[in-house]
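Below are the chains, spelled out letter by letter.
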Amino acid sequence: MELDYPIKKIIDDKGFIIDSTYEKQIDEKLVKEFYFNMMRIRTFDRKAINLQRQGRLGTYAPFEGQEASQVGSALALGPNDWIFPTYRDHGATLTYGADMVRALLYWNGRVEGCVPPEGKNIFPPAVPIATQLPHATGAAWAEKRKGTKNATIAYFGDGATSEGDFHEGLNFASVFKVPVVFFNQNNGYAISLPIEKQMNSATIAQKSVAYDMPGIRIDGNDCFIVYFETKKAFDYARSGNGPTLIEAVTWRTGAHTTADDPSKYRPNEQGMNIVDPLSRLEMFMKNYGYWDEKWIKEVKKKINNEIEAAVEGMEQFPPPVVDDIFDHVYAVMPAHLAEQKESYLTHLRGKAK
Amino acid sequence: MTTHLIESNEKNETTKQMTMIQAINDGMRIMLEEDNRTIILGEDIGKNGGVFRATEGLQEKFGNDRVVDTPLSEAGIIGTSIGLAVNGFRPVVEIQFLGFIYPAYEQIMTHVSRIRTRSMSHFTVPMVIRAPYGAGIRAPEIHSDSTEILFTHMPGIKVVCPSSPYDAKGLLIAAMEDPDPVLVLETMRNYRSKREEVPVGKYTVEIGKGKIVREGTDVTLIAWGAMVTIAEKAAEQAVQQGISCEIIDLRTLYPIDRDILSQSVQKTTRAVIVHEAHNTGGLGNDIISIINDTSFLYLRAPIERVTGFDVPVPFFSLEEHYLPTPARVLKGIEKVVHF
Ligand SMILES: Cc1ncc(C[n+]2csc(CCOP(=O)(O)OP(=O)(O)O)c2C)c(N)n1
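In order, the protein sequence lines correspond to chains P and L. For the first sequence, the UniProt record's numbering assigns the number 1 to the initial residue and increments by one for each residue that follows. For the second sequence, the UniProt record's numbering assigns the number 1 to the initial residue and increments by one for each residue that follows.
Don't take each hint at face value.
Quick list of in silico lysine-lysine cross-link-like pairs, DSS-like style, CA-CA up to 27 Å [unchecked claim]:
{"id": "1", "chain 1": "L", "residue 1": "61", "chain 2": "P", "residue 2": "353"}
{"id": "2", "chain 1": "P", "residue 1": "341", "chain 2": "L", "residue 2": "47"}
{"id": "3", "chain 1": "L", "residue 1": "233", "chain 2": "P", "residue 2": "351"}
{"id": "4", "chain 1": "P", "residue 1": "341", "chain 2": "P", "residue 2": "353"}
{"id": "5", "chain 1": "L", "residue 1": "335", "chain 2": "P", "residue 2": "351"}
{"id": "6", "chain 1": "P", "residue 1": "353", "chain 2": "L", "residue 2": "47"}
{"id": "7", "chain 1": "P", "residue 1": "341", "chain 2": "L", "residue 2": "194"}
{"id": "8", "chain 1": "P", "residue 1": "341", "chain 2": "L", "residue 2": "331"}
Here are some chain P residues the structure puts well away from chain L; computed CB gaps all over 10 Å [what the hints assert, rightly or not]:
{"id": "9", "residue": "142"}
{"id": "10", "residue": "176"}
{"id": "11", "residue": "341"}
Heads up, incomplete: computed chain P residues facing chain L, CB under 7 Å, no partners named [claimed, not checked]:
{"id": "12", "residue": "32"}
{"id": "13", "residue": "55"}
{"id": "14", "residue": "198"}
{"id": "15", "residue": "299"}
{"id": "16", "residue": "335"}
No wet-lab data here; the hints were simulated from the structure. Source: prediction; values computed, not measured. The beta carbon of each residue, even a glycine, is placed where N, CA and C say it ideally should be.
Kindly generate the complete structure, drawing on both the sequences and the hints.
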């Protein structure tokens, strides 16, 4: 089966084009867009880990190593599409237009972090594994019934394919032929479990056969193939052909979360032969004359400023409001809940005296 | 009453200081050694030793066919454990957080709990499900649910909830030896919060028996899991007002120890129930019913409940406002004492 699903790539490990299919569509603007976004979310990710270590953020889920997968796929979305991320996909949501201050707030235990900017269909990250897959199918189904050309993308990890919701989401999508892209980031591990122990199938892409939908396997560290293949899947979806399953083979460089210690379950060397997606893009840029020191410097500065401002934004954000835990449970608060709220707020006022 | 203070069916001379997580690990180790039908299953429980290290070192010692890292599927783990259990094994399942048990709820609800009934005891499911639960450790969303009532509503399964290292090991071993399925809820807040002397050998704490953790005369506080500590703090503060609190650690949530409730309440004549689960439909209501049934004429005040609110457990920046605090419990105490 593995032979039926070879890993497609456009650039090789040294940053040279090895498949010319999309060569003409690669221009300076696109290359710089990839670089900017990948550098931006990498800097964000590293900053978030630091903040966690300093006690300024709660537990955080890093995505370093998965930037090409997240940026490449998110840039393939149209403005009114839907995105259903997991806890590890804030790289994708930030690229798609999520607010950076709110991304930080989310990891600081603030529900405000789940609220997308006006007009952006960014769903709150799914914490329970695989539960977002049927949602993506449903939202795509709605778009189809409304007669739009909008589609949805659902992000999920290799471990997620073991849950029943994976089957249910894909099966419904294929039965109702809805415009959804199932974007798997196969980062090798589900916490401590290597993929060989997660499933007996050699690839995730091959699971598409059961649902009679296209399944493709791509190099998740090659932003070009990720971008073009996701775009293709979106075009296919928008033309009424139904879902696609994409397996982006990548690598989680660091820990599962900041509460996890990968040295317990995997040798350090295991990831060493994997070429980091950002270094690979840099090599490509150098190979093909896109490398521009001045521009890079400016970009890095711009990114740092943005991130510093976002951290400040998070720390200056108005403190959490107790009322919020009561006020958003129902559209109209039932009497018993109103009573609980009132009684608790009275208790707090009494204590404040 | 003192009979409730310590029950151990074996006298163990040697004890060791253990945290709750160490005690749980020790309980599983003993049963893996003693009973070759025991099989531990779960996500990341092997090399990683579980996300809380409850199974640390067990796979190394007993091999990966007795301590099994499963694919990421709670329904799969519990469903296949049913098959293992009906066919001679004694599965002990770790669910990473109670908030992630819901995919397996169908299996628990429709099969774990009623195979004995459906087969007139021909097939049985002697399995144990361990699940960390509860708020207060600044975990990300969904990790902090306290939805024990979903399981105490279901006949055919027992639910225990230790709050101390000693009880955690004794109840776990009792659960592993129980002929029926037992859900063990482990409050994450107590995993490492204190150490106590725990027998190094095998012992059990009887399922279905509560424990008086503090004796008193004016009011009975009823709690379990992390709320036992909250009740203890409130009781300390109540002393300053001359109020003497007795505290029951319920320990088993299903079936509930009716005797300990009635004996204590008949003595103190007042009761405050403290639980971090939501108020509506919470276990507090069943406890009130039991007290009404057994001790209504002894009561000098309506029974008070201090609970989590009827809202999803908030993200951690506000979770302290969700959880009962000693101050809220104290108010409940004052209310029943000054009724
Ligand atoms: C239903 C459920 N079970 C268990 C967990 C605990 N958990 C969080 S992440 C994770 C591993 C997920 O692996 P994968 O799907 O490969 O995604 P990755 O984290 O590698 O991106 C587990 C077991 C959970 N969040 N939800």
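Status of the hints after comparison with the structure:
1. Distance hint between residue 61 of chain L and residue 353 of chain P is unfulfilled; the C-alpha atoms sit about 58 Å from each other, more than 27 Å.
2. Distance hint between residue 341 of chain P and residue 47 of chain L is unfulfilled; the C-alpha atoms sit about 46 Å from each other, more than 27 Å.
3. As the CA atoms of residue 233 of chain L and residue 351 of chain P are separated by approximately 17 Å, the hinted pair is consistent with the 27 Å bound.
4. In summary, the hint linking residue 341 of chain P to residue 353 of chain P is supported, as the alpha carbons are separated by about 19 Å, within the 27 Å threshold.
5. At roughly 17 Å between alpha-carbon atoms, residue 335 of chain L and residue 351 of chain P fall within 27 Å of each other, so this suggested pair holds.
6. With a CA separation close to 52 Å, the supplied pair residue 353 of chain P and residue 47 of chain L exceeds the 27 Å bound.
7. Between residue 341 of chain P and residue 194 of chain L, the direct Cα distance comes to roughly 33 Å. Violation of the 27 Å bound is thereby established for this hinted pair.
8. This hinted pair checks out: residue 341 of chain P and residue 331 of chain L have alpha carbons roughly 16 Å apart, not beyond 27 Å.
9. In this structure residue 142 of chain P is separated from chain L by more than 10 Å, as the shortest Cβ-Cβ distance comes to about 24 Å.
10. Every C-beta of chain L lies more than 10 Å from that of residue 176 of chain P, the closest at about 23 Å, which supports listing it as non-interface.
11. Not every C-beta of chain L lies more than 10 Å from that of residue 341 of chain P, the closest at about 8 Å, which undercuts listing it as non-interface.
12. The beta carbon of residue 32 of chain P is not positioned within 7 Å of any beta carbon in chain L (closest approach about 35 Å), and the interface hint is therefore violated.
13. At about 10 Å, the closest approach between the beta carbon of residue 55 of chain P and any beta carbon in chain L exceeds 7 Å, and the interface hint on this residue is violated.
14. Here the hint on residue 198 of chain P is kept, as its CB sits about 5 Å from the closest CB of chain L, short of 7 Å.
15. Interface restraint check: residue 299 of chain P against chain L, minimum CB-CB distance 31 Å, threshold 7 Å, status violated.
16. The restraint placing residue 335 of chain P at the interface with chain L is violated, with a minimum CB-CB distance near 11 Å, outside the 7 Å limit.
Of the hints listed earlier, those the structure fails to meet are numbers 1, 2, 6, 7, 11, 12, 13, 15 and 16, in rising order.
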